[in-house]
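J.: Knowing the structure of chain A, use the given hints to seat chain B on it.
2 protein chains.
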Amino acid sequence: MKIAIIGAAGMVGRKLAQRLVSEGALRGEQVSSLVLADIVAAERPDGFAGETVIQAGDLSAREEIDRLVAARPAVIFHLAAIVSGEAEQDFDKGYRINMDGMRRLLESIRAAQAADGYLPRLVFTSSIAVFGAPFPETIPEEYFHTPLTSYGTQKEISELLLADYSRKGFVDGVGIRLPTICVRPGLPNKAASGFFSGIIREPLVGREAILPVSDSVRHWHASPRSAVGFLLHAANLDTDRLGPRRNLTMPGVSVTVAEQIEALRRVAGEKAVALIRRVPDETIMRIVAGWATRFDASRAEGLGFVADRSFEDIIQAHVEDELAGTVKAG
Amino acid sequence: MKIAIIGAAGMVGRKLAQRLVSEGALRGEQVSSLVLADIVAAERPDGFAGETVIQAGDLSAREEIDRLVAARPAVIFHLAAIVSGEAEQDFDKGYRINMDGMRRLLESIRAAQAADGYLPRLVFTSSIAVFGAPFPETIPEEYFHTPLTSYGTQKEISELLLADYSRKGFVDGVGIRLPTICVRPGLPNKAASGFFSGIIREPLVGREAILPVSDSVRHWHASPRSAVGFLLHAANLDTDRLGPRRNLTMPGVSVTVAEQIEALRRVAGEKAVALIRRVPDETIMRIVAGWATRFDASRAEGLGFVADRSFEDIIQAHVEDELAGTVKAG
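Those protein sequences? They're chains A and B, same order as listed. With the numbering used here as the guide, the letters of the first sequence map in order to residues 113 to 442. With the numbering used here as the guide, the letters of the second sequence map in order to residues 113 to 442.
Okay, chain A solo, but in the shape it has when bound (with noise of 0.2 Å):
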């Protein structure tokens, strides 16, 4: 089986072609080749047998899907976007990347179609900024999609693309809503939300972090590992059993800032904690005022997707996958 990832340099994308070479299979098949198609040239897995395609360059250029595209992957990973902060600076920016890649891709992909029936799967990244404040605690399976940003606006456009282009029989898509992901590994960035896994990577390894926001600040959080299991259950699903509503919100684990702190204590014991500096900065304390706090995701675990079992649990994954299993002692 061939599959393709787009995004393949990204944290996601890298861990899911990891995961895809270490597990070997997909769908019942052997994984025999792999396309990483990313702005940049992506790394190569480690320990692949089968045949690595590196495709660098501008995704959202025809010929370059094209290009992807005419390898008839069975299974394609849409992962590519230029981030929130980036789609807001740079409008046409985010919407030649976000929306016109999107719909170049379901294009090409139906061009295929009319010429020899190839019908991929397509496992799309979507993201809750389709959603928009205000919203309840609880944000339901129904509940519509009014975002306040251009990249939410961009992921939404996407997600009715895709419902579309699947209902007519163009491409079998389905389209997952990530929840934010923590611990994300790396350095410290600039993105708002860098605080909630700032505060848990940085102790970790008896760096100082900052806290912005107050301690009663509640977010929905996934691991990079269950992000990537999102990944390939999606690519797996009988989406017979979608009908035509191909997004989905994916389960989460939702904790306050104090939750937090109270699994990284119990994880890595007060020294850590004590590494956590209060610098409380309005800006930010604004912006994650407007970000959804939980979500009923039950379609998606009635589907089989499976969140982590508690915050406790992200930590473990993060101190399992990235620290090889080490913390320093608090």
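Take these hints with a grain of salt, some might be off.
[To be verified] Okay, derived cross-link-like pairs now, SDA-like style, lysine to any residue, Cα gap no bigger than 20 Å in a straight line: (1) K205(A) with R279(B); (2) K280(A) with F203(B); (3) K280(B) with G197(A); (4) K280(B) with R208(A); (5) K127(B) with G437(B).
Quick caveat, the hints were computed from the structure, so don't treat them as lab data.
T.: Positioned in the frame of chain A, the structure of chain B alone reads:
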């Protein structure tokens, strides 16, 4: 004040132009100029002292849109669309006209703003086709949009673009989801919804009409007169009251076919009712079973949008506006 209507040759477009002429003013300003745009040449409204520009051409083409925007109308009504059945049959044409056309209009307005600060009110007619079955008998304001047609998908995408361009300050948009227009004047057509008008319009002039569904079928109606009223109210609305949620479900009259027929009996008597012939049609029954029957439109009502008071009022509006007040004696 200069006002443009895209889709001015259609039934609602013609009535809107005539109403603008008869009222003479919009938003407290005299109507000095009308740009009437459509794929065919629209009729000039009767008795207009101001300037009328007839623009016939493909309003999804960049040059036609730029020409319309170059006139800098203070208010643009965008009513043009490929209808549901055609958008379903001709996938490319539907997306080109209904989605790309809207985006080009928004982009042209944004470019004009960059040039000279232009910021028109854009009133867009969306559709209850943005909703897709299954849904509750009364659809709540915050119910999600899962269209089951390409037409509904294109309307929903247009709503999202309208909201995002408005949020960014590129346009001052209001989207209104119209109920099924009833009584639609003119000849019977092949639309699956055509009988809702046919069973009223035809008997009122002594002609037989076919009823293909059961009397218990419930649907959501507005008169052409109310639809024009919604458009004018959307043009007049203080959009600060909308916030970022720019798209509104219009109020309507929810009645069963049996209630429609009772209203016809009260207006036109038993002989008119006797002209309705029941010829069940499985295909139409199946299509209609997937349509929404009733909406919570309290948000639009709170903003001053006013529906017909009853289905009898809808019939009376037709008798006054189309039949010069005369009903063929029943």
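J.: Are the hints correct? Go through all of them and say.
T.: Now the hints, each set against the structure:
{"no.": "1", "hint": "K205(A) with R279(B)", "in the structure": "holds, 17 Å"}
{"no.": "2", "hint": "K280(A) with F203(B)", "in the structure": "holds, 9 Å"}
{"no.": "3", "hint": "K280(B) with G197(A)", "in the structure": "holds, 14 Å"}
{"no.": "4", "hint": "K280(B) with R208(A)", "in the structure": "holds, 17 Å"}
{"no.": "5", "hint": "K127(B) with G437(B)", "in the structure": "holds, 17 Å"}
Going down the numbered hints, you'll see the structure goes against none, and every one checks out.
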